[in-house]
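Asks: Each chain, written out:
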Amino acid sequence: MHEWALAEAVISTVSQIAEKEGLKEVAEVEIKVGELQQIELDILEFALSQLKTLKLKNAKFHIKTVKAELKCRVCGHKWIFRKEKMNEEIAEAIHFVPEIAHTYIKCPKCGSPDFEILKGRGIWLESVRGLR
Amino acid sequence: MADPRIGIIEERLKGVNNIIAVSSGKGGVGKSLIASTLALTLAKRGYKVGLFDLDFTSPSTHVILGVEGLQPKEEKGIIPPQVHGLRYMSIVYYSGEYASPLRGVDVSNALIELLAITRWNNLDFLIIDMPPGISDATLDIIRLIKRINFLMVTTPSRLAFETVRKLIDLLSELRIPIMGVIENMKMKESQFIQQQVEDRGITFLGEIPFDIELEEAIGNVNKLLVTQFGERLEEIAKDLEP
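Protein chains in written order, with our numbering: chain A, 1 to 132; chain B, 1 to 242.
No lab work stands behind these hints, which were simulated from the structure alone. In this text, a Cβ means the ideal position worked out from N, Cα and C, and glycines have one as well. Honestly, I wouldn't trust all of these hints.
[What the hints assert, rightly or not] Dumping the calculated DSSO-like pairs for lysine-lysine here, alpha-carbon to alpha-carbon at most 27 angstroms:
#1 K55(A) x K166(B)
#2 K71(A) x K109(A)
#3 K60(A) x K76(B)
[What the hints assert, rightly or not] What follows is a list of derived Cβ distance ranges for each label pair:
#4 R147(B) x S127(A): 53 to 63 angstroms
#5 K76(B) x L131(A): 22 to 32 angstroms
#6 P81(B) x G22(A): 42 to 52 angstroms
#7 N58(A) x R119(B): 24 to 34 angstroms
With the sequences and hints as input, model every part of the structure.
Replies: Set out below in structure tokens:
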């Protein structure tokens with residue numbers, strides 16, 4: 001249920017953006033979710049629906065998942081993170097704090113833990129649209 | 001467009017009355033021991049206290065507290081477990097006994113993540129054990145926690161104080177509150193640090209003599225609190241109480 005905390009963060013930030021941009025009502029929110037964090041989308045969607053404030057009551061949440069692309073800083077190799085290859089305990093640690101990937105994942109080519117998360121780390125607010 | 005985690009951090013900390021970053025320009029001055037023992041002392045004195053180890057690449061407070069095999073509870077976020085009367089949070093719950101080789105951007109991201117998802121609920125004090133230096137974690141704490149107070153630790157060495165002085169100057173320029181400076185591992189009589197601190201208009205909270213017994217007390221909090229170090233820190237803690 002860590003998704004609930006992230007949903008609260010989304011609602012709070014969308015509300016702040018709506019306030020700042022003078023939106024009377026929020027119509028659409030685009031969210032990107034990186035696969036490294038392995039967020040359970042149905043729980044996230046449920047939490048978002050439960051946490052909606054008055055200004056967000058008709059808001060539609062569009063959630064897009066983004067593959068987690070990693071690039072080794074030592075040898076330059078690029079690869080895609082796959083949860084299936086992980087043991088459950090490690091996958092869960094990465095779920096809570098995606099940077100823990102550096103503890104358990106190594107570059108498949110040279111073995112370095114010094115890699116960059118090019119995209120697909122965690123949750124990101126892409127756009128907020130609404131009525132002024 | 002926006003990182004949604006940033007917007008919830010103030011909300012997560014709204015039930016915390018005092019947030020204290022135990023900090024220093026240098027490593028090895030006793031920040032983690034002071035942060036842990038201060039947290040334990042305040043808890044012993046009846047306050048609700050949280051301890052957050054923000055030294056992600058070199059966490060050590062779990063060793064001081066003798067924490068093993070604990071995991072935070074998951075409940076609409078994460079609830080730090082109770083350890084010796086403290087709500088205790090550390091990255092070691094996730095990294096275990098392995099190294100966390102993190103660059104600055106990763107330190108920032110992990111810090112934002114944990115601030116966004118950790119539910120501290122109501123606390124009198126949240127003590128943060130900071131990594132040394134004026135780098136990502138320090139800058140992020142200043143950026144993200146508007147009510148932060150810094151408690152600085154130095155040793156009598158001019159090498160340590162040289163870095164602490166820079167941190168004091170930076171924080172003063174930014175108008176970030178500094179609760180004071182503790183001079184740790186004092187081995188001989190000298191007014192140098194106290195003078196330097198007071199000349200800058202900062203409170204000198206006191207000195208803690210080098211305690212040869214301290215190492216033996218690591219991992220045993222009852223023993224830790226009755227060392228000379230623990231007793232001296234309790235005196236200092238009284239001055240930090242509201």
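Asks: Work down the list of hints and note, for each, if the structure agrees.
Replies: So, going through the hints one by one against the coordinates:
| no. | hint | in the structure |
| --- | --- | --- |
| 1 | K55(A) x K166(B) | violated (46 angstroms) |
| 2 | K71(A) x K109(A) | holds (11 angstroms) |
| 3 | K60(A) x K76(B) | holds (22 angstroms) |
| 4 | R147(B) x S127(A): 53 to 63 angstroms | violated (31 angstroms) |
| 5 | K76(B) x L131(A): 22 to 32 angstroms | holds (30 angstroms) |
| 6 | P81(B) x G22(A): 42 to 52 angstroms | holds (43 angstroms) |
| 7 | N58(A) x R119(B): 24 to 34 angstroms | holds (29 angstroms) |
Checked against the numbered hints given earlier, the structure breaks hints 1, 4 and satisfies all the rest.
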